[in-house]
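Sequences listed follow chains A and B, in order. Residue 2 in numbering that gives the first Met the number 0 sits at position 3 of the first sequence, and the numbers go up by one each step. Residue 4 in numbering that gives the first Met the number 0 sits at position 5 of the second sequence, and the numbers go up by one each step.
Honestly, I wouldn't trust all of these hints.
Stated by the list, open to error - Some, not all, of what chain A presents toward chain B, calculated at C-beta under 7 Å: (1) Leu-47; (2) Arg-65; (3) Ala-76; (4) His-84.
What the hints assert, rightly or not - Taking beta-carbon pairs under 10 Å as the criterion, some of the chain B residues facing chain A (in silico): (5) Val-21; (6) Val-32; (7) Arg-115; (8) Ile-117; (9) Pro-125; (10) Arg-127.
Derived by calculation from the structure, the hints in this document are not laboratory data. Glycine is no exception: its CB is placed at the ideal position from the N, C-alpha and C atoms.
Letter by letter, the chains look like this.
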Amino acid sequence: MITVQGLSKRYGATVAVDDLSFTVEPGRVTGFLGPNGAGKTTTMSVILGLDAPTAGRTTVNGRDYRQLRAPLHEVGALLDARAVHGGRRACDHLSWLARSNDIARRRVDEVLELTGLGDVAGRRIGKFSLGMSQRLGIAAALLGDPDVLMFDEPVNGLDPEGIRWIRTLLRSLAAEGRTVFVSSHLMSEMALTAQHLVVIGRGRLIADASVTDLIERSEQRAVRVRSPQLDVLHRLLEDGGRAVETTGDGALDVRDADAADVGELAAAHGLVLHELVARRPSLEEAFMELTDASVEFAGAPHASVPEEGAA
Amino acid sequence: MSVATEVLDAAVQGPVTAAGPVDAGGARRFRRVVASEWIKFRSLRSSRLALLAVVIGVVGIAALAAGTTAARWSTMAPKDRADLDPTGLSLNGWFLGQLVVGVLGVLTVTSEYGSRMIRTTFAAVPQRRLVLAAKAVVVGVIVLVVGMATSLIAFGVAQAFLASTGHAVSLSDPGELRAVLGAGLYAATIAMLGLGVGTIVRSTAGSVSALFGLLFVPPILAELFPGGWHRAIQRYSPMNAGSRVLMTQSQANALGPWAGLAVLMAYTAVIGIIAFWLVARRDA
Numbered sequence: 000m001i002t003v004q005g006l007s008k009r010y011g012a013t014v015a016v017d018d019l020s021f022t023v024e025p026g027r028v029t030g031f032l033g034p035n036g037a038g039k040t041t042t043m044s045v046i047l048g049l050d051a052p053t054a055g056r057t058t059v060n061g062r063d064y065r066q067l068r069a070p071l072h073e074v075g076a077l078l079d080a081r082a083v084h085g086g087r088r089a090c091d092h093l094s095w096l097a098r099s100n101d102i103a104r105r106r107v108d109e110v111l112e113l114t115g116l117g118d119v120a121g122r123r124i125g126k127f128s129l130g131m132s133q134r135l136g137i138a139a140a141l142l143g144d145p146d147v148l149m150f151d152e153p154v155n156g157l158d159p160e161g162i163r164w165i166r167t168l169l170r171s172l173a174a175e176g177r178t179v180f181v182s183s184h185l186m187s188e189m190a191l192t193a194q195h196l197v198v199i200g201r202g203r204l205i206a207d208a209s210v211t212d213l214i215e216r217s218e219q220r221a222v223r224v225r226s227p228q229l230d231v232l233h234r235l236l237e238d239g240g241r242a243v244e245t246t247g248d249g250a251l252d253v254r255d256a257d258a259a260d261v262g263e264l265a266a267a268h269g270l271v272l273h274e275l276v277a278r279r280p281s282l283e284e285a286f287m288e289l290t291d292a293s294v295e296f297a298g299a300p301h302a303s304v305p306e307e308g309a310a
Numbered sequence: 000m001s002v003a004t005e006v007l008d009a010a011v012q013g014p015v016t017a018a019g020p021v022d023a024g025g026a027r028r029f030r031r032v033v034a035s036e037w038i039k040f041r042s043l044r045s046s047r048l049a050l051l052a053v054v055i056g057v058v059g060i061a062a063l064a065a066g067t068t069a070a071r072w073s074t075m076a077p078k079d080r081a082d083l084d085p086t087g088l089s090l091n092g093w094f095l096g097q098l099v100v101g102v103l104g105v106l107t108v109t110s111e112y113g114s115r116m117i118r119t120t121f122a123a124v125p126q127r128r129l130v131l132a133a134k135a136v137v138v139g140v141i142v143l144v145v146g147m148a149t150s151l152i153a154f155g156v157a158q159a160f161l162a163s164t165g166h167a168v169s170l171s172d173p174g175e176l177r178a179v180l181g182a183g184l185y186a187a188t189i190a191m192l193g194l195g196v197g198t199i200v201r202s203t204a205g206s207v208s209a210l211f212g213l214l215f216v217p218p219i220l221a222e223l224f225p226g227g228w229h230r231a232i233q234r235y236s237p238m239n240a241g242s243r244v245l246m247t248q249s250q251a252n253a254l255g256p257w258a259g260l261a262v263l264m265a266y267t268a269v270i271g272i273i274a275f276w277l278v279a280r281r282d283a
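Please work from the sequences and hints to get the whole structure.
Spelled out as structure tokens, the structure:
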């Protein structure tokens with residue numbers, strides 16, 4: 000379990016994290032979502048004792064990380080897969096890590112096999128692709144067989160097969176009862192991997208909810224309706240105080256409404272309906288809605304979140 | 000190198016799980032961090048190449064200097080013959096060798112800051128002072144052992160060349176053994192100084208500049224000052240003071256060998272204390 004209580008972190012005049020509180024529970028994958036620059040990496044750095052908080056505190060399994068004597072047995076983390084010495088062989092990189100925490104040498108070979116790096120154990124890390132570096136970082140995180148795992152943007156640079164592999168890995172780690180905390184700026188990826196989401200923007204908490212709740216709660220919950228008497232229906236809905244939009248192909252989107260509300264309204268006035276669909280927003284849309292006001296580096300009034308790759 | 004290698008290898012291969020790793024006592028935790036740093040050190044080709052460069056450089060310069068002197072001996076003026084410094088000829092290579100071991104000390108920590116691997120290191124061992132101390136032990140012991148061995152070889156080679164002049168000295172002559180082993184101590188201290196500067200400055204380029212500045216600027220600066228100041232700066236500047244330990248000839252306005260080394264160690268200690276203070280305070 001990871002707890003973050005009233006965490007603030009300033010770098011000079013820049014506020015990276017602003018009074019952030021949340022808990023990451025064991026047994027499920029918790030996604031840590033936010034646009035680039037929202038404070039995800041800073042928060043993880045504080046949790047790992049790398050950066051000192053300006054205010055507030057974080058704990059792992061109830062204790063301050065800096066008090067842990069052999070932290071790799073409790074917490075495994077992947078922060079930056081490229082933060083390694085390129086001249087070192089993969090097995091040597093894991094060996095020094097293992098030795099620093101009294102982890103048996105054979106565990107190095109185990110995690111190399113587990114992450115599919117068994118064949119390149121003797122190669123220098125500098126020659127690795129980004130995807131292989133990510134796998135090495137994940138191998139390092141798994142080294143001490145820890146109960147708590149933190150991954151900062153683990154799917155960056157992975158090919159589709161690698162992304163599927165890590166998705167399965169994260170879920171199975173959580174299913175074993177471990178705490179799994181994964182950051183991403185890709186809502187679509189988190190929708191497939193996480194059960195719970197902590198969403199931040201500009202260092203502030205925006206949402207802390209299950210994936211399904213987050214979609215439910217989204218303002219973009221809407222009903223799409225088609226009718227030969229569209230104009231009549233449009234007027235009736237607006238008179239009823241609904242926000243209505245005409246779609247390009249001759250239908251109406253009714254915001255914040257249930258299909259039942261719209262269906263009953265139509266029946267009450269004897270209107271024919273050709274289509275009545277509750278439109279679930281995609282998680283991506285829910286995320287955009289949530290973070291729209293908080294994008295740090297907005298280029299245009301309606302900032303968009305990069306689709307992929309931007310790290 | 001083999002002695003250090005064996006000592007450090009023994010640490011690496013030591014028992015892994017007697018008590019649990021989590022409740023291990025302070026001494027055992029330090030030992031495993033030293034072992035971890037030793038794996039880091041020996042798993043880089045660049046560390047081995049740097050040490051090789053030291054051995055070849057120092058021994059090579061000794062051979063060259065002594066060989067040339069021996070070849071020119073019959074035509075040398077009596078005054079030049081009288082000025083012959085057989086120890087100096089053996090160990091002069093350290094004026095270059097110190098740069099390599101200094102940079103090696105710097106790189107021990109700045110290569111980690113440069114790649115940001117330091118974050119992985121500090122996440123694995125949050126007791127950062129333990130990490131810095133372990134790095135000091137590893138680079139200190141390695142450079143000490145390699146430095147002493149290199150000096151012994153350089154001394155032997157140079158004296159062999161000088162034998163024909165009849166002015167060769169032996170380790171049993173006064174001060175010779177101290178100078179030869181002192182060269183190792185001097186090199187190890189410079190490596191630790193580099194480690195301290197690297198920890199404070201964090202960038203490789205900045206640290207190397209700062210270290211070289213510390214070694215070479217004071218003697219140049221001294222020239223700008225009048226009499227008393229000039230002599231004091233000359234006498235107490237880190238390199239001038241520290242290198243007295245590998246000299247056997249007396250010099251005007253210079254400290255004794257051990258006093259000089261102590262002065263260099265004091266500078267290193269001050270830098271080290273600042274480094275220890277900063278490393279735990281700063282964000283990684």
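Original post:
Going through the earlier hints one by one, which of them does the structure break, listed in rising order?
Top reply: As far as the earlier hints go, not one is violated by this structure.
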